[in-house]
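S.K.: One-letter residues, chain by chain:
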Amino acid sequence: MKYFDNAATTPPYKEVIHTITEVMSAHYGNPSSLHRYGEDSARLLQKAREVCAEALGVHAGEIVFTSGATESNNIAVKGAALQWITRGKHLITTMTEHPSVFESFKQLERQGWEVTYLEVDAAGEVTEEQVAQAVRTDTVLVSVMHVNNETGCVQPVAEIGRMLKKKYPRVLFHVDGVQGFGKVPLYLKESGIDLYSLSAHKIRGPKGIGLLYVREDVSLFPLLTGGGQEGGLRPGTENIPYIVGMAKAVRMAKEAEKTVSERLKLLRATLMEGISRLPELKLNSVPEGAPHIVHFSYPGMKAEALLHMLEEEGFLVSTKSACSSRKAEPSRVLQAMGKLPDICLSGIRISLGDEHTESDIQDLIAALNKAVGRVRHLKGENLT
Amino acid sequence: MIAYDMLLLRFGEITLKGKNRMRFEKAALMHIKSLLRPYPAVEILREFGRIYVLLNGEPAREIIEALKQVFGVTSISPVKIAPPRLEEIIAAAKDFVRELPADRAIPFKVNARRVWKPFPYGSQEMNRLIGGPVLQASPQLKVDVHHPEVELRVEIREQGAYIFSEVIPGAGGFPLGTNGKAMLLLSGGIDSPVAGWSAMRRGLEIECVHFHSYPFTSKRAEEKVIELAKVLSRYAGQVKLHLVPFTEIQTSLARTGQDNLIITLMRRSMLRIATRLAEQSGALALVTGDSLGQVASQTLPSMNVIGRATDLPLLRPLVMNDKEDIIQTAKKIGTYDLSILPYEDCCTLFVPKSPSTNPNLRIVEKIEAGLTELAEQVEAAVKGTETLVIRPHEEVKRRSDQEEGAAVPDKWF
Numbered sequence: 001m002k003y004f005d006n007a008a009t010t011p012p013y014k015e016v017i018h019t020i021t022e023v024m025s026a027h028y029g030n031p032s033s034l035h036r037y038g039e040d041s042a043r044l045l046q047k048a049r050e051v052c053a054e055a056l057g058v059h060a061g062e063i064v065f066t067s068g069a070t071e072s073n074n075i076a077v078k079g080a081a082l083q084w085i086t087r088g089k090h091l092i093t094t095m096t097e098h099p100s101v102f103e104s105f106k107q108l109e110r111q112g113w114e115v116t117y118l119e120v121d122a123a124g125e126v127t128e129e130q131v132a133q134a135v136r137t138d139t140v141l142v143s144v145m146h147v148n149n150e151t152g153c154v155q156p157v158a159e160i161g162r163m164l165k166k167k168y169p170r171v172l173f174h175v176d177g178v179q180g181f182g183k184v185p186l187y188l189k190e191s192g193i194d195l196y197s198l199s200a201h202k203i204r205g206p207k208g209i210g211l212l213y214v215r216e217d218v219s220l221f222p223l224l225t226g227g228g229q230e231g232g233l234r235p236g237t238e239n240i241p242y243i244v245g246m247a248k249a250v251r252m253a254k255e256a257e258k259t260v261s262e263r264l265k266l267l268r269a270t271l272m273e274g275i276s277r278l279p280e281l282k283l284n285s286v287p288e289g290a291p292h293i294v295h296f297s298y299p300g301m302k303a304e305a306l307l308h309m310l311e312e313e314g315f316l317v318s319t320k321s322a323c324s325s326r327k328a329e330p331s332r333v334l335q336a337m338g339k340l341p342d343i344c345l346s347g348i349r350i351s352l353g354d355e356h357t358e359s360d361i362q363d364l365i366a367a368l369n370k371a372v373g374r375v376r377h378l379k380g381e382n383l384t
Numbered sequence: 001m002i003a004y005d006m007l008l009l010r011f012g013e014i015t016l017k018g019k020n021r022m023r024f025e026k027a028a029l030m031h032i033k034s035l036l037r038p039y040p041a042v043e044i045l046r047e048f049g050r051i052y053v054l055l056n057g058e059p060a061r062e063i064i065e066a067l068k069q070v071f072g073v074t075s076i077s078p079v080k081i082a083p084p085r086l087e088e089i090i091a092a093a094k095d096f097v098r099e100l101p102a103d104r105a106i107p108f109k110v111n112a113r114r115v116w117k118p119f120p121y122g123s124q125e126m127n128r129l130i131g132g133p134v135l136q137a138s139p140q141l142k143v144d145v146h147h148p149e150v151e152l153r154v155e156i157r158e159q160g161a162y163i164f165s166e167v168i169p170g171a172g173g174f175p176l177g178t179n180g181k182a183m184l185l186l187s188g189g190i191d192s193p194v195a196g197w198s199a200m201r202r203g204l205e206i207e208c209v210h211f212h213s214y215p216f217t218s219k220r221a222e223e224k225v226i227e228l229a230k231v232l233s234r235y236a237g238q239v240k241l242h243l244v245p246f247t248e249i250q251t252s253l254a255r256t257g258q259d260n261l262i263i264t265l266m267r268r269s270m271l272r273i274a275t276r277l278a279e280q281s282g283a284l285a286l287v288t289g290d291s292l293g294q295v296a297s298q299t300l301p302s303m304n305v306i307g308r309a310t311d312l313p314l315l316r317p318l319v320m321n322d323k324e325d326i327i328q329t330a331k332k333i334g335t336y337d338l339s340i341l342p343y344e345d346c347c348t349l350f351v352p353k354s355p356s357t358n359p360n361l362r363i364v365e366k367i368e369a370g371l372t373e374l375a376e377q378v379e380a381a382v383k384g385t386e387t388l389v390i391r392p393h394e395e396v397k398r399r400s401d402q403e404e405g406a407a408v409p410d411k412w413f
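If you're matching them up, the sequences are chains A and B in order.
The numbering used here numbers the first residue of the first sequence as 1 and each following residue consecutively.
The numbering used here numbers the first residue of the second sequence as 1 and each following residue consecutively.
It is worth saying that the hints were derived from the structure and are not from the lab.
Please note that a few of the clues may not be correct.
Unchecked claim - List of simulated lysine-lysine pairs, DSS-like, C-alpha gap at most 25 angstroms:
| # | chain 1 | residue 1 | chain 2 | residue 2 |
| --- | --- | --- | --- | --- |
| 1 | B | K142 | A | K189 |
| 2 | A | K89 | A | K207 |
| 3 | B | K383 | B | K181 |
| 4 | A | K167 | B | K397 |
| 5 | B | K331 | A | K165 |
| 6 | B | K33 | A | K166 |
| 7 | B | K117 | B | K142 |
| 8 | A | K165 | B | K383 |
| 9 | B | K94 | A | K167 |
| 10 | B | K331 | A | K189 |
| 11 | B | K366 | A | K166 |
| 12 | B | K219 | A | K165 |
| 13 | B | K332 | A | K189 |
| 14 | A | K258 | A | K189 |
| 15 | A | K282 | A | K2 |
| 16 | A | K165 | B | K142 |
| 17 | A | K166 | B | K142 |
| 18 | B | K383 | B | K219 |
| 19 | A | K258 | B | K224 |
| 20 | B | K181 | B | K411 |
| 21 | A | K166 | A | K189 |
| 22 | B | K181 | A | K167 |
| 23 | A | K14 | A | K254 |
| 24 | B | K68 | A | K165 |
| 25 | A | K254 | B | K411 |
| 26 | A | K89 | A | K78 |
| 27 | A | K167 | A | K89 |
| 28 | A | K14 | B | K411 |
| 29 | B | K397 | A | K207 |
As the structure is a computational prediction, the values presented were derived from the model and not from experiment.
Work the whole structure out from these sequences, hints included.
M.R.: Given below as structure tokens:
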């Protein structure tokens, strides 16, 4: 089997697995305990924080460990809205955010906040001007993802952040960085970003662990209460093995960022070229997107059928994003891009990783050709 | 954003110091070099009363942040260098003002200086020649030569025109170590790190002394002090930290039953040990975080009785400062968040309900005379002192680490 679903989750690095195993057996002390075992765990926690901070170019005190990006996004969006309720109740985001951001805004909307959902263009992008026009005197937070998880579309978050800092310095800016980190370089401190979410398992780390960068001087309302860990923002005994494992994955991903993204760019170009030669398939990703995601539709064909045919050929891909692929609804992201209904219902996402080679891509293109050839004549209403 | 080419660093009072000027500027230069080691492309040039840092593509903002820690530097300006030709200077000046906020009127002035005389236009003439097109390009600017909020400075030299407007305050004071060496009594509190920083800012090299009473104090209190010393080392490249075992002395003093004098007695023993350590390392003064009247040991009668335990000058940089000011400085220099961590240090142990604010020197001396083992214990504490060299970005190697192997092996990260 060749795994082409790296945007859903990634195979953990062997080194990360080793680290987690060793830390888990050697250090079970609670970092809050005063004795030596506790101190050792506290030092590991601190070192992990420093390693993550260095990879992101921020200070160690600005890293909050969470259970993953869903939690990071929830803390960022709702934590900012609740904390700054006195400044106003207006929030801005886009139509194509990940559900953990999008649904947080929906929830706040039901609780009386006003949310502006920015439209995207046919490529899936929003512009700095759109954000500038949407800001009001009572705007508290803007949240824009870095790289879209379905299409790989890259948002101009650095431009948006700098514009906000210059014109509206009081407005907080959150970026969901899950799909961008390690693939598309982004410098938080130079891009006016106040809050930034990251998940370990998208960069070959363990599941169930993530982080939120909270710029110093930014305070958030904690969604959980407890023993005050992680600066009170995310109480609960720290998961030291996973935190250390994530630090390693973050460091390795950052170090490999340049070489991996350049290599994947070439593979992605080959794959997009192969897809574009099949007239049945319609590319939804644009050439300038992130280097690891290719999204296309087979209008009139049930996406799941294509997925299983590729699986028979030994290739694992995805329909829509993993989180929503079990629902038979048209993709919200593609709809927002103004795509026709049968395109929105028949999307396939192929996501690359640094383990893939040129010949893997050629084999995948061949398998796609074969699969499309099998069903070409079956096209009909009842299949979607 | 403007891509700056150079940073201009200015010196303040040290330029006034006649023959010592060279020595001071050299010390500052060394400090700058050590802080800029992570940026290999930069070039550092020295000129009368100024230092230029040519960026050669290294990040300006990051380097400014680092250089704000250089003592002796009063201010820093990021500079754009344009070829010394009128059109290019005007174009660069326009780029400069484009960065300014556009939503309100900004009082503005051009201040040109022709250093290179062959340049065809004089300083006054240049003010007009630059001001005109700049004002046209950015209508929110209004000329105000007396109280400008933005002053665009243009220095025309043969090698290029230096254009700058931002003046970022530097650390000020005297370059590092130009006024000798002192021992800082570093507790875990808010005041002593600030006192240490103030001393360094005034040109003193600092070695830190910390007293611990393990097992009454936790290892974490000690780590907190190491972290505090690490913050101070950012301003000095490195600092030494002496960790003094104080448990024996503290328990003997506690056994005397002189509850309300125990702090006075403890402080006197600490000064004696610090004085011995100062002798060993050639330091000529002790620095403490005392602030007059703040706590019982910092009343004037207490300072009098405690201070007599040493014959070295006792420097108290914060003695007349208010707590609020000290806290502000602690936040600015990055020690505050560490200082407020809740780990107890030895100064808060055995503290009586009502410590004496007016200790009697004769009684104190009598108690000490009765403690025959005290002199020996002071010697033992000096001997048992562990000295760590602390650098900003390095792991600290402890004696105990070598025995047991580090708890935080690099291979895990």
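S.K.: Does each hint fit the structure? Answer for all of them.
M.R.: Hints and how they fare:
1. Between K142(B) and K189(A) the CA atoms are separated by roughly 32 angstroms; this puts the pair beyond 25 angstroms, and the hint is violated.
2. Distance hint between K89(A) and K207(A) is unfulfilled; the C-alpha atoms sit about 34 angstroms from each other, more than 25 angstroms.
3. Pair hint K383(B) plus K181(B) holds up; C-alpha atoms about 21 angstroms apart against a cutoff of 25 angstroms.
4. Taking the CA atoms of K167(A) and K397(B), the gap is near 47 angstroms; set against the 25 angstroms cutoff, the hint is violated.
5. With a C-alpha separation of about 23 angstroms, the suggested pairing of K331(B) with K165(A) holds against the 25 angstroms cut-off.
6. The hinted pair formed by K33(B) and K166(A) fails the criterion: a straight-line CA distance of about 33 angstroms is larger than 25 angstroms.
7. Our distance criterion of 25 angstroms between C-alpha atoms is broken by K117(B) and K142(B), whose separation comes to about 30 angstroms.
8. Pair hint K165(A) plus K383(B) does not hold up; C-alpha atoms about 55 angstroms apart against a cutoff of 25 angstroms.
9. Annotation: proposed proximity of K94(B) to K167(A) holds, straight-line Cα distance about 19 angstroms (limit 25 angstroms).
10. Only pairs whose Cα atoms come within 25 angstroms are accepted, and K331(B) paired with K189(A) is accepted, the gap being roughly 20 angstroms.
11. A distance of roughly 67 angstroms separates the Cα atoms of K366(B) and K166(A); the hinted pair therefore is violated under the 25 angstroms criterion.
12. With a C-alpha separation of about 42 angstroms, the suggested pairing of K219(B) with K165(A) is violated against the 25 angstroms cut-off.
13. For the proposed pair K332(B) and K189(A), the alpha carbon gap of about 19 angstroms is at most 25 angstroms, so the pair holds.
14. Straight-line distance between C-alpha atoms of K258(A) and K189(A) comes to about 19 angstroms, which keeps the hinted pair within the 25 angstroms bound.
15. Among the hinted pairs, K282(A) with K2(A) is consistent with the structure: their alpha-carbon atoms are about 23 angstroms apart, no more than 25 angstroms.
16. Restraint check for K165(A) and K142(B): satisfied, since their Cα atoms lie roughly 24 angstroms apart, inside the 25 angstroms limit.
17. Between the alpha carbons of K166(A) and K142(B) the distance comes to roughly 20 angstroms, so the proposed pair stays at or under 25 angstroms and holds.
18. Among the hinted pairs, K383(B) with K219(B) is consistent with the structure: their alpha-carbon atoms are about 20 angstroms apart, no more than 25 angstroms.
19. Distance restraint check for K258(A) and K224(B): the Cα-Cα separation of roughly 37 angstroms exceeds the 25 angstroms cut-off, and the hinted pair is therefore not satisfied.
20. For the suggested pair K181(B) and K411(B), the alpha carbons sit about 39 angstroms apart, so the restraint of at most 25 angstroms is broken.
21. Our distance criterion of 25 angstroms between C-alpha atoms is met by K166(A) and K189(A), whose separation comes to about 14 angstroms.
22. A C-alpha spacing of about 48 angstroms is found between K181(B) and K167(A), which places the hinted pair above 25 angstroms, so the restraint is violated.
23. Distance check on the hinted pair: K14(A) and K254(A) sit about 17 angstroms apart at the alpha-carbon level, within 25 angstroms; holds.
24. Taking the CA atoms of K68(B) and K165(A), the gap is near 23 angstroms; set against the 25 angstroms cutoff, the hint holds.
25. Between K254(A) and K411(B) the alpha-carbon distance is near 17 angstroms, which keeps this suggested pair within the 25 angstroms criterion.
26. This hinted pair checks out: K89(A) and K78(A) have alpha carbons roughly 11 angstroms apart, not beyond 25 angstroms.
27. Under the criterion of a C-alpha separation no larger than 25 angstroms, the hint pairing K167(A) with K89(A) is consistent with the structure, at around 19 angstroms.
28. Of the pairs offered as hints, the one joining K14(A) and K411(B) holds, with about 13 angstroms between alpha carbons and a cut-off of 25 angstroms not exceeded.
29. With a C-alpha separation of about 34 angstroms, the suggested pairing of K397(B) with K207(A) is violated against the 25 angstroms cut-off.
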